[in-house]
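Construct all of the structure, not just a fragment, from the sequences and the given hints.
Chains as they are written, first to last, in my numbering: chain A, 416 to 782; chain B, 416 to 782.
Treat each hint with caution, since some may be false.
Same chains, same names: a pair is fine if it fits in one copy or spans any two.
In silico lysine to any residue, SDA-like type, Cα no more than 20 Å apart, as pairs [as the list claims (entries may be wrong)]: (1) K750 <-> P456; (2) K751 <-> P488; (3) K471 <-> V737; (4) K751 <-> P456; (5) K751 <-> P600; (6) K751 <-> T459; (7) K471 <-> R753; (8) K471 <-> E481.
Simulated from the structure, these hints should not be mistaken for laboratory data. No experiment lies behind these values; they were computed from the predicted model shown.
There are 2 protein chains.
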Amino acid sequence: MSSSSSTTVVGVELGARRYDVHIGTFVPPAIAETLAAALGPDVTGVAVLVDGDLGKRSPRVAPLVEALQARLPRVNRYDLPGGEASKTLDEIGRTTQWLAEQGYDRRAAVIGIGGGATGDHSGFAAAVYLRGVRFALCPTTLLAMVDASVGGKTAVDLPAGKNLVGAFHQPRAVVADLGFLETLPAREQTAGLAEVVKCGFIADPSLLAIFAAHPGGRLGLDAIAALVAGAVRVKADVVAEDEHEGGRRAILNFGHTIGHALEAESAYALLHGEAVSLGMIAALSLGEARGITPPAVAMLARAMLADVGLPVDLEGRVTPAVMARVGVDKKRAGKKVRFVLCAAAGDTRLVDVGLDELTAHFLPSGA
Amino acid sequence: MSSSSSTTVVGVELGARRYDVHIGTFVPPAIAETLAAALGPDVTGVAVLVDGDLGKRSPRVAPLVEALQARLPRVNRYDLPGGEASKTLDEIGRTTQWLAEQGYDRRAAVIGIGGGATGDHSGFAAAVYLRGVRFALCPTTLLAMVDASVGGKTAVDLPAGKNLVGAFHQPRAVVADLGFLETLPAREQTAGLAEVVKCGFIADPSLLAIFAAHPGGRLGLDAIAALVAGAVRVKADVVAEDEHEGGRRAILNFGHTIGHALEAESAYALLHGEAVSLGMIAALSLGEARGITPPAVAMLARAMLADVGLPVDLEGRVTPAVMARVGVDKKRAGKKVRFVLCAAAGDTRLVDVGLDELTAHFLPSGA
Numbered sequence: 416m417s418s419s420s421s422t423t424v425v426g427v428e429l430g431a432r433r434y435d436v437h438i439g440t441f442v443p444p445a446i447a448e449t450l451a452a453a454l455g456p457d458v459t460g461v462a463v464l465v466d467g468d469l470g471k472r473s474p475r476v477a478p479l480v481e482a483l484q485a486r487l488p489r490v491n492r493y494d495l496p497g498g499e500a501s502k503t504l505d506e507i508g509r510t511t512q513w514l515a516e517q518g519y520d521r522r523a524a525v526i527g528i529g530g531g532a533t534g535d536h537s538g539f540a541a542a543v544y545l546r547g548v549r550f551a552l553c554p555t556t557l558l559a560m561v562d563a564s565v566g567g568k569t570a571v572d573l574p575a576g577k578n579l580v581g582a583f584h585q586p587r588a589v590v591a592d593l594g595f596l597e598t599l600p601a602r603e604q605t606a607g608l609a610e611v612v613k614c615g616f617i618a619d620p621s622l623l624a625i626f627a628a629h630p631g632g633r634l635g636l637d638a639i640a641a642l643v644a645g646a647v648r649v650k651a652d653v654v655a656e657d658e659h660e661g662g663r664r665a666i667l668n669f670g671h672t673i674g675h676a677l678e679a680e681s682a683y684a685l686l687h688g689e690a691v692s693l694g695m696i697a698a699l700s701l702g703e704a705r706g707i708t709p710p711a712v713a714m715l716a717r718a719m720l721a722d723v724g725l726p727v728d729l730e731g732r733v734t735p736a737v738m739a740r741v742g743v744d745k746k747r748a749g750k751k752v753r754f755v756l757c758a759a760a761g762d763t764r765l766v767d768v769g770l771d772e773l774t775a776h777f778l779p780s781g782a
Numbered sequence: 416m417s418s419s420s421s422t423t424v425v426g427v428e429l430g431a432r433r434y435d436v437h438i439g440t441f442v443p444p445a446i447a448e449t450l451a452a453a454l455g456p457d458v459t460g461v462a463v464l465v466d467g468d469l470g471k472r473s474p475r476v477a478p479l480v481e482a483l484q485a486r487l488p489r490v491n492r493y494d495l496p497g498g499e500a501s502k503t504l505d506e507i508g509r510t511t512q513w514l515a516e517q518g519y520d521r522r523a524a525v526i527g528i529g530g531g532a533t534g535d536h537s538g539f540a541a542a543v544y545l546r547g548v549r550f551a552l553c554p555t556t557l558l559a560m561v562d563a564s565v566g567g568k569t570a571v572d573l574p575a576g577k578n579l580v581g582a583f584h585q586p587r588a589v590v591a592d593l594g595f596l597e598t599l600p601a602r603e604q605t606a607g608l609a610e611v612v613k614c615g616f617i618a619d620p621s622l623l624a625i626f627a628a629h630p631g632g633r634l635g636l637d638a639i640a641a642l643v644a645g646a647v648r649v650k651a652d653v654v655a656e657d658e659h660e661g662g663r664r665a666i667l668n669f670g671h672t673i674g675h676a677l678e679a680e681s682a683y684a685l686l687h688g689e690a691v692s693l694g695m696i697a698a699l700s701l702g703e704a705r706g707i708t709p710p711a712v713a714m715l716a717r718a719m720l721a722d723v724g725l726p727v728d729l730e731g732r733v734t735p736a737v738m739a740r741v742g743v744d745k746k747r748a749g750k751k752v753r754f755v756l757c758a759a760a761g762d763t764r765l766v767d768v769g770l771d772e773l774t775a776h777f778l779p780s781g782a
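As structure tokens, this is what we get:
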């Protein structure tokens, strides 16, 4: 990666409230200053929840926690289980019990440092501890920078499926320090790009141009920064119109209906972005079958996802077990499942598809 | 109890939303009709969460569930552990897993039937399942009719203390069927009156007149209905001004700061109302020491609570262990604890008391 000193700030508007997503490469005191300003002068303590794997791997975590301790009151660090393992009600119980043992009160704040799972866990813990305390997020993976920075969706998993228990809880600020990406495994970085491609297809074709200008996934830091900022802007625009997911916000679920089920059924062997890539392939296939997605659009999307290095080989993956998971997915309304289908880059349709049609399309043998 | 056919409806206004609390003696189809109208015509299913002890004891539960099944789609019943045992994250995990296994989607609703613990559990489950589904409540204890009908506060307990994890989640309707009180143990009925006395002292002295007119706790159904309606009105007025407990709503915590700690430290051998009665005694004592509560007011309150049959013998109960619990109570802001003190019936003061002063007042030996 090349180095860059430019910083982009994307504002997220939510009714009377707003917060900023800061995207760039930052020194720890700058992050601490930004977070302190956003959390407010009356904050009484700060619990820093860190992804356990990241805490062991990244040299950036300890200096950041130290900078927070130098700038904010009663800063304590708690390392979560790494990744998806933190997304259980058991772990929420452990974290909130720790928060109580530390004596954090209603004017305390939670800062999450890690990927999407850490954002989900720390945001949900902040949402429910004492019925809600302040929250800020430092996403450290490309996926989390794009996906967890905007929307306020937090959740944990149940045996029955992913993200079935959660809350809407908006952060006071998000600081996406691209420096964390230096230690991110290549596979995770690639997976994170799935959400950027998604934003390109549902709302901002100019993001697709950046990929086209950097074939083979050879993206420098400036390109990454532009992709993250662009994707965050797409999400911010959509969420500003529809905070609680009644209408337009649903387009952000492009690729997620089947994607979530594939991810869960793989027991999370598939990364979220990989599952979303396959989920987009599924939605494109369904769109083609319904005459909504032109073959050229489907081909373009497949080619772009493959060029980025994401999986596009859907065949054989949508098993009866995956379909059963779609049946309890939280986006199922009544006996139909809501899909986001793509008519062109930047042009989507919300379509309710019956479980029968889905089964016929994805399990044609009737298995 | 005498019988009564009168029904009182108290409206609760919360910004753009509002809902009604229906208080009276109802036949099951009437309750089902009221709940169906409040939950909306597009509801896709209804999960009825029942307090397990109530389910075994009360002949009113089964006919009510049958009436709901006759009126609403996909009504299934799930019996919770009885009472406070349901208020754990483990039980929330079990309930939400059951909701998912039944295939309830985002347009489903949860109806809670039971006392305060059931209201807390079912409301919190509704708040977090799929990040929030519709909720309605049938409180079956006097305490729950008064305390859980208004406010939208839901919570479960942690080892560190009571109600430390929760959410604000407003019901679509509350139906307080006084018929359930017929099978309520006398001790629980008496405990429920503590919250009514509290409403009398913080906001509506006319409630105290009803008690004064029925000495020795000999209250008929009409008096009970008037007390419940009056207390619900007090809470509705306060909450309408302050949904998220930043300001005036804090007066509802009269008696709760010490009360919650006593309740938790007793391992719930004390009923909530009994603990709140003792907590009011504690707040009156603190108010007297600070010169805020006139001795005559403290004496009146003690006499009224004792006449109702509630415990007032605080001596020896506020142990160091109880004080430690006050230290992690969710109402502690910084190093001080917020107390509601009473200057006269209907006239309260919010006072932040240092932990040192509290310890000196309640643990004068410095134990």
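Can you give the numbers of the hints that this structure goes against, from lowest to highest?
3, 5, 7
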